Amino acid sequence: MGLAETGMTIRVAFKLFASLSDHLPPGSRNNRVELELAAGTTVGEVIARHRVPEKSAHLVLVNGVFIPPAARMTHRLQDGDELACWPPIAGG
Amino acid sequence: MGWNRKLLRVNLSAGTCTEEALNMQWAQDYLGSRGLATKYLVSEIDPKVDPLSPDNKMIMATGPLTGTMASTGGRYTVITKGPLTGAIACSNSGGFFGAEMKFAGWDMIIFEGKSPKPVYLYVENDKAELRDAADLWGKSCWETEEQIKARHQDPLIRVSSIGRAGENQVLFACIVNDLHRAAGRSGVGAVMGSKNLKAVAIRGTKGVAGIKDFGAFMQATNDAKKVLADNAVTGQGLPKYGTQVLMNVINEMGALPTRNHRDVQFEDAGKISAEAMHEKRESDGKRHLVTNAACFGCTIACGRISEIDKGHFTVKNSPKYWGASGGLEYEAAWALGAANGVGDLEALQYANLICNEQGMDPISFGATVGAAMELYDLGVLSKEQIGLEAPFGSAEALAKLVEMTAGGEGFGKELALGSKRLCAKYGRPELSMSVKGQEFPAYDSRGIQGMGLAYATSNRGACHLRGYTVASEVLGIPVKTDPLTTDGKPELVKAFQDATAVFDSAGICVFTSFAWTLADVQPQLAAACEGDWSMEKLNEVGERIWNMERQFNNAAGFTAKDDNLPPRLTTEPAKSGPAKGLVNGLDKMLPKYYEVRGWTPDGVPTPETLARLGL
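If you read the sequences in order, they're chains A and B.
Counting in this note's numbering, the first sequence runs from 1 upward without gaps.
Counting in this note's numbering, the second sequence runs from 1 upward without gaps.
If you are wondering where the hints come from, they were derived from the structure by calculation, not from laboratory data.
Given the structure is predicted, the values throughout are model-derived calculations rather than measurements.
Cβ coordinates follow ideal geometry from the N, Cα and C atoms, glycine included.
Check the hints yourself; a few may be wrong.
Unchecked claim - A few chain A positions that, by computed beta-carbon distances, are all more than 12 Å from chain B:
(1) L37
(2) K55
(3) G64
(4) V65
(5) P88
Stated by the list, open to error - Distance condition first, Cα-Cα at most 20 Å in a straight line; then the derived SDA-like pairs of lysine to any residue:
(6) K55(A) to P478(B)
(7) K271(B) to K55(A)
(8) K575(B) to L61(A)
(9) K286(B) to N30(A)
Next up, chain A with everything else stripped away, as it sits in the complex (with noise of 0.2 Å):
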């Protein structure tokens, strides 16, 4: 039995920054969103659930730690979690 159908859930705040915040839910503020997920839910599924286009989900940061793209789509969020993405950007 998958994590997902245990019926467990799990409490992650999910963050978009920059150009991405369009991509909130209406109402969010600061930048974040508090989500109720099931378990297992994995990295990728959150940002693809909002319509982040891949591309565009350039750094994405788990708790602050960099996910690597390849990793993205089997990196399981546990409960506490905070999940951020930026778009391409750059600063000095």
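Position chain B against the provided structure of chain A, taking the given hints into account.
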């Protein structure tokens, strides 16, 4: 040719302006701007000279691509021995001043000696003369530019000047051009002030002549511009959000130095971020950000132009600050904000405006305030000594201290010395968050390990623009590396340092390197400049410049023990975020760095390295 082949030598003691031929052999070896001007400086001054004495020299220099069709080709550099550090100072600025110098027919201007009275240099193409600046002394950079343009009845004159901070020899005073662009770091403005040189005003109408192969140059610059336009960072991210977009990124990664590096995450980072600048304020319903802006020839346009809340306590009685003006950029927002725990965006913009108006580096100023606030928090400094209450997070203290520092009033005179001297004076030298006397910029090296090595070995003291490994460790440019490990960082730091020296010396903006590599710069230089400008040559030139700067610092008295970080970063672990529990692993990186540089274990270039680089 790229170069105008001539320089202007201004002897301020004698009041003379003399034309000289540019040393074209040196141009082949050191390219221009940062590299070539440093070659002149190290050849002409004693490395042990007092930076604020008449025997120090100050050079304003363009590169071969400055003023040309190359994107971002508007940069110029100020080279001198820095008063904040005692090391080589090399401060780069955009805007339009550098291109104007080129249009007037000059590659660089060397200032030597000291004028007996305040003067400004006026250059109109081939004509150059020193003018009396008695009535400009005491004026801000903004007033100085306005008055010079009015005096000469020419609104197209470009001006670089010092404000009251430079006149007062604030050790982190900068030189401001075009109102809000600055040769910002290391106190180059204090050197200018020590020479009684208020401003340099230039009008050039010659354009840039002598491009070696004009057809090839147009093709190369167009190709390179397309790379910038097609790149998501330089084509979209930077113009829309500016450098400030990093505030939330770096905070999320646990690498945002907060409250004098006590913490690595700032609870109010969101309030002072690029996203906040785009949102409507609750107070007046207006957005802080008005528009973006570009320097000469730039096809990126990362600059921020903002409008402060007119009802904010800092400006409600000062209408002159109500108009749209420069800022906030990431570094200034961090240094004025997170570094001292202030989360009031309008207060940060006010402090930034004063830094622009009076010519002061907001990084070193903000970080020095952070050190003072920690001394206040520890009870080392009292309200009576500072003249006001200065707890972490006080926007009121920030606003007052910026005025006091620029104006040389009260405790501001102590802040004007920078954090190293301030903390040493009060018996807590370990609380200065600096390297070689220059304050850190906005990245905590416990969360971005490579930056610890980049800071420790930067030739101008702590700096992000000598080797910006953040590009790789955070942003994945050109390849993603793990910010939490030291593996591979010595090689990475060296590669960034050498390549950056070439970008700087060409006369273009280092921000192009978010999309360009040296392989994009090379065809532009090869088409513009006579001589061999192969990739191999460019790599060699970058390494040569780095070693030349190092040699100067070593001769000035610096040793391997100065390639160090404050103990806080190597002994106090990060308290939160991904780097929680980590300190910077400088000791794991430095020996390898010396080895890949071809230096001895004591950080001295070996005879073989010097011979290989022709030094």
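Hint check results:
{"no.": "1", "hint": "L37", "in the structure": "holds, 20 Å"}
{"no.": "2", "hint": "K55", "in the structure": "violated, 8 Å"}
{"no.": "3", "hint": "G64", "in the structure": "violated, 4 Å"}
{"no.": "4", "hint": "V65", "in the structure": "violated, 5 Å"}
{"no.": "5", "hint": "P88", "in the structure": "violated, 4 Å"}
{"no.": "6", "hint": "K55(A) to P478(B)", "in the structure": "holds, 16 Å"}
{"no.": "7", "hint": "K271(B) to K55(A)", "in the structure": "violated, 27 Å"}
{"no.": "8", "hint": "K575(B) to L61(A)", "in the structure": "holds, 19 Å"}
{"no.": "9", "hint": "K286(B) to N30(A)", "in the structure": "holds, 17 Å"}
Checked against the numbered hints given earlier, the structure breaks hints 2, 3, 4, 5 and 7 and satisfies all the rest.
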